[in-house]
Structure formats: C-alpha cells, structure tokens
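Based on the sequences and whatever the hints tell you, model everything.
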Amino acid sequence: MSTQSTSLVKQVAQQLQTLIRQKKWSKTGRLPGQRQLAEQLGVSRASLREAITMLEGLGLLRSEAGRGVFIADPRLKGLESAYGRWSFQGRYALRDVYMVRAQLEELAVMLAANVVTESGLDQLRDTIVNMQDAANQGDLVIMAEADQAFHERIFEIAGSPLLTDIVAGIENVIESSRQVAFANPDRVAEPIQEHAHIVDALATGSPALASSAMREHLHNVADRSGIRLLMPAARTDSSSKNTR
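Okay, so the sequence shown: first residue is 805 according to our numbering, each after it adds one.
No lab work stands behind these hints: they were computed from the structure.
Watch out, some of these pointers could steer you wrong.
Said to hold, decoys possible - Pairs of lysine to any residue residues, derived as SDA-like cross-links and limited to a Cα-Cα distance of at most 20 Å, are as follows: (1) 814 with 956; (2) 814 with 953; (3) 828 with 871; (4) 814 with 850; (5) 814 with 846; (6) 828 with 839; (7) 814 with 941; (8) 828 with 844; (9) 814 with 848; (10) 814 with 940.
If you're wondering where the values come from, they're calculated on a predicted model, not measured in any experiment.
As structure tokens, then:
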C-alpha cells in the first residue's frame, strides 16, 4: 500500500473512531452497510474496508459473517479476543510475529545505540509526546500511528539497509500486531512509559541497556495481547558493549 493510500485509510479510521465516540450507532451497535457508509464518508469501499480492519485490530469494531460490522465491547480482552482481532489469523501465529519482532527490533536498537545523536533522541521523544497527547484524547488511531513512528525511527537510526528491507517486507504484519496490543483498554498507556525507558537507554550509548529495554517492551506488548513469551537471557557479550 502506498504512503498516500495508508494516510487516507488512517483518515477514514479516525472519522469512524470519532463517530463511534459520538455514539452515532449506539442504538443498534451496528454500522451501516459498507456501500452506504462509504458514500456517507465520501471514500472508496476499499479504503473503508482497510479502515474497518484497522479499527478491528484496535478493538473498536468487530465483524460478524453475514451480519455486518458492530461496535466492539471494550470489556472483551485477553488471548481469545486478540486472536479474533488478528488480521493475519490462519496465516501467521501472532506469537511467532512477536518473537520475530523481538529479535529484529532488539538488533535495531543495539545498532542505534552506537550511532544515535541528540537530534535522533529528540525525534523519538517527539513521538512519545504525540502518543501521550493521543492517549489523553482517547485517540487510539493516533496512538498506534505514533507507536509505529517510534519503532520506524529506531530502524532509521540503526542505519542498516538490509534490516530495513527485511522489516519493510513484513510491514503490514508488524503494524497489525501493534494494533492488537492497543485493544486492551486497561493497559493502553503502558507503552508510553516503556518507550521513554528505551530512549533513556539509548541516551546512555549502551547497546546492552537499549537491548534490555526493547526486550522488556516487546514482551509487554505480547502480554497485553494475552501472549506470554519466554524472556531470553540478556546480551552480555563484548560485542554488545558501546565502543564510542
């Protein structure tokens, strides 16, 4: 999906989120049919479907075969509901995605720790501010967007074209796995503090500390989706030490 298309889908998702918060469909809990809703919003049905999928991942909507799309019950959470929201169910196990993410993002943050500048740290802090502002407004779409920006910026700072290309190849899968973790209303603000810990670790210039902070964060992300990952031993070998 192009950047322009992605931006449009997120705009549509925000429109739907606003209508949900305004209790537009509170009487029945059921959204209008996709053709009618697409016409009301002035968008294509394809963009609408993508936006609905995003909001399903965030736990705001649920689809029922043959019945339509409904406003989700925020009290439903845990492993069963996480798998129900997982866009790639039947193709990839959500647990496997989190395990792969943990390995890739740990490597990225270790590389980033060796080269990050004060400007880079400030850019990461800006995403945390954006995330906090969105949390204060109850805007899950912007929270997820800021979360994505934070992790993408770390890969950019790491400066490994190969690692960036590997992640780009599974970008949609990774983004969907992030959305699932935001659907737990009791824990939606937790990643803000975890991101701050990662930035603090990066600021020390220690790959080992940065790796540990990222590992803890991603295991917590999985836990918020009802999935427990085994915590691997911390990296203590000499190759992980900062040489700056």
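For each hint, the structure was consulted:
For a cut-off of 20 Å, the pair hint linking residue 814 to residue 956 stands: about 17 Å separates their Cα positions. At most 20 Å may separate the alpha-carbon atoms for a hinted pair to count; residue 814 and residue 953 meet this at roughly 14 Å. Restraint check for residue 828 and residue 871: satisfied, since their Cα atoms lie roughly 19 Å apart, inside the 20 Å limit. Restraint check for residue 814 and residue 850: the C-alpha separation of about 13 Å stays at or below 20 Å, so the hint holds.
About 14 Å separates the Cα atoms of residue 814 and residue 846, which keeps this hinted pair within 20 Å; it holds. Note on residue 828 and residue 839: the hinted pairing holds, with a Cα-Cα distance of about 17 Å set against a maximum of 20 Å. A distance of roughly 17 Å separates the Cα atoms of residue 814 and residue 941; the hinted pair therefore holds under the 20 Å criterion. Distance restraint check for residue 828 and residue 844: the Cα-Cα separation of roughly 13 Å lies within the 20 Å cut-off, and the hinted pair is therefore satisfied.
For the suggested pair residue 814 and residue 848, the alpha carbons sit about 13 Å apart, so the restraint of at most 20 Å is met. For the suggested pair residue 814 and residue 940, the alpha carbons sit about 19 Å apart, so the restraint of at most 20 Å is met.
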